[in-house]
Amino acid sequence: MNLIWAFFIIISIIYSLCTGKLDSLNTEILNSTKDALDMVMKIFPVMALWLGIMNIASVSGLLKKMSNAVAPFLSKLFPELPKGHESLSFIASNIITNMFGLGNAATPFGLKAMKSLQTLNPKKDTATRSMITFLVINTSGVTIVPTTIISLRMMHGSANPTEVVLACILATSLSTIGAVFVDRYYARRDKKRDRRSI
Amino acid sequence: MIGVLSNLMIPLLVLVVIGYGIKKKVAVYDVFVDGAKESFELAFTLFPCMLGMLLGVNLLLKCGILDVIFEWTTPFFEFLHFPVQLLPMAFLRSVSGSTTLAMMNQFFAEYGPDSFIGRLASVIQGSSDTTLYVLTLYFGSIGVVKSKYALKAGLIADFMGIVASIIVVQLFFG
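Protein chains in written order, with our numbering: chain A, 1 to 198; chain B, 199 to 372.
This is chain B alone, in the form it adopts within the complex (with noise of 0.2 Å):
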């Protein structure tokens, strides 16, 4: 149902939008092009900011050094009773979207998607979006090197995202 909502969305705002466009005579192939070709000057303007993160970023999951500190790290959230598998996806959801839904693949694949694990996994990749992706992208596209308190505040929400998560899983399925 919702599956089949979603795949609604898409066609129907298009849809909505030309339809309303024709009812107020605008021309809207036109109107079209033009707002596309906005396209290009912002692709420009993105790719340096992409590089710039990318390039902090991939370093980072590549050197090996996250594994090192995961490890010292476990004890303690043991200790909390947080699934230690789902560590790193838990502090990596702000860094690098893409990464962290490979590994809630990953534990789909290996425990399955109905375990606490995988629901967890599910919750914690759905309920938060890439911080740094999106500063990037937004402030970088308009220019804005001056980021003030917007990281520190995006990551204090991350975090309580993940708390929140595990609190709302353990409630829901546990």
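Here chain A stands alone, though its shape is the one from the complex (with noise of 0.2 Å):
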């Protein structure tokens, strides 16, 4: 992530040198600032709300509810998860409302899935197994309903706006599946180099 950060700003700005543009360059540092600021208060509202329906959904005991119903699924995904932990319970509403297309309802439960794992993390600066995990899920996409997709296609007038969702899905599980494999991989790696270390 370091390498990569550096590697975006220093190469943009030997550009803009190389091919004169210092004035759009100049803007571009500052709006970045105003950008994070739009980014973060677009979502705080919305996130306010859902951590507060979930906050209700979690005390009343519906989430656990929830997640015992998916358990045996998530536990394979995630097996160093202690049976019954909380957490699973968030990814199991994380996914849920992804699949739905509803980001801006997932994305506080993932957040909150995120904080249950840290509690279970010995590292606190450093990435657990089942955080990559589930992160990776999450990038591969687990949409079924495209809503944004389904809305723009109707503004553009297509004749079928829905027809890309079997297509959404076979191409999402495909990635998904491909993510886990690759996500086993390297936690397998990485496994192997922590035990040469000790």
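None of these hints come from the bench; they were simulated from the model. Mixed in with the good hints, there may be bad ones.
Every beta carbon over 12 Å from chain A, so not counted as near; a handful from chain B, in silico [unchecked claim]:
no.	residue
1	Thr271
2	Thr272
3	Pro273
4	Glu276
5	Phe277
6	Leu278
7	His279
8	Phe280
9	Pro281
10	Pro286
11	Thr334
Quick partial rundown of chain A residues pointing at chain B, CB under 10 Å, derived from the structure [said to hold, decoys possible]:
no.	residue
12	Thr19
13	Lys21
14	Met47
15	Gly61
16	Lys112
17	Thr126
18	Ile132
19	Asn160
20	Cys168
Keep in mind it's a predicted model, so treat the numbers as computed, not measured. Backbone N, C-alpha and C define an ideal beta-carbon position, used for all residues, glycine too.
Fit chain to chain and form the complex, with the hints in mind.
Printed below as a string of structure tokens:
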């Protein structure tokens, strides 16, 4: 992450210097601060809403009930999480809301899941295997109903706005399965390396 | 039908959660406010991470070097029968979701949503999430800085997603 970040910035600045586009570079650097604030401001109110709703679900025991239903499946993906741990219910809620294309609602669940996984983490600044598995599943996308895309297609007068849904499901399933395998591969390699260093 | 269903999802979810809370005699309003409070702390921890990520991504997007790279690699992708117009979108899908959404919109306007390009753009956008954003958000919120192999694994998965999208769209609509 550190290397990529530095690489992005250094190469952009050098390129701008070479092409003499320093004016736009200056505005871009300052604009980023505004963009970041905008982004946080955009997700902050929605997050507050869902964190509130979620707290009700959590206190009332609904979350626990939901997670019990998918627990057998999830415990295969996250073998080192203790049975019935609350992180499992957050992970389940995150995946379910993501499937319906409700990214705004899914994010707070995901953040709660991460927070909960962090309580099990012995090294607080380093990602655990479960965290990475969860992240990789999330980034590969699990959307079944891509709401934004359907509405955009509608707007542009598509004859059949939902015709891509099945293709999306198939593509996303393939990439998620692939993601789990990649994650497994790296996790195993990581473990071996740890053992060697001890 | 699907549009109605996803419109129903959010109100239904709220209804079920609050209904269940009442049934279990939870002080729903107090618990709601308590939960919503957490968002303050979250917003504060997230801002620096977002700033860092956007700085890198914005500079890269706006400096123009990407256009040069895409121009260089065009012959190679033409050889693979990949629609070259979609190249920037495929590459940027993991980096900036709002950029690729704008690109998709552009393709819809230009080629129509029911063209091959329109469909492939839809599937690429719909079958994946913005890896860099999710990574920043999720790890940033809990202060994890050593992400180990997460980025690598995420990007490889994204690449597989793009390949899968091309194959699937060709199978479905080709």
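Consistency of the hints with the structure:
no. : hint   : result
1   : Thr271 : holds, 16 Å
2   : Thr272 : holds, 19 Å
3   : Pro273 : holds, 22 Å
4   : Glu276 : holds, 23 Å
5   : Phe277 : holds, 23 Å
6   : Leu278 : holds, 18 Å
7   : His279 : holds, 18 Å
8   : Phe280 : holds, 15 Å
9   : Pro281 : holds, 16 Å
10  : Pro286 : holds, 16 Å
11  : Thr334 : violated, 9 Å
12  : Thr19  : holds, 7 Å
13  : Lys21  : holds, 7 Å
14  : Met47  : holds, 5 Å
15  : Gly61  : holds, 6 Å
16  : Lys112 : holds, 9 Å
17  : Thr126 : holds, 4 Å
18  : Ile132 : holds, 4 Å
19  : Asn160 : holds, 7 Å
20  : Cys168 : holds, 4 Å
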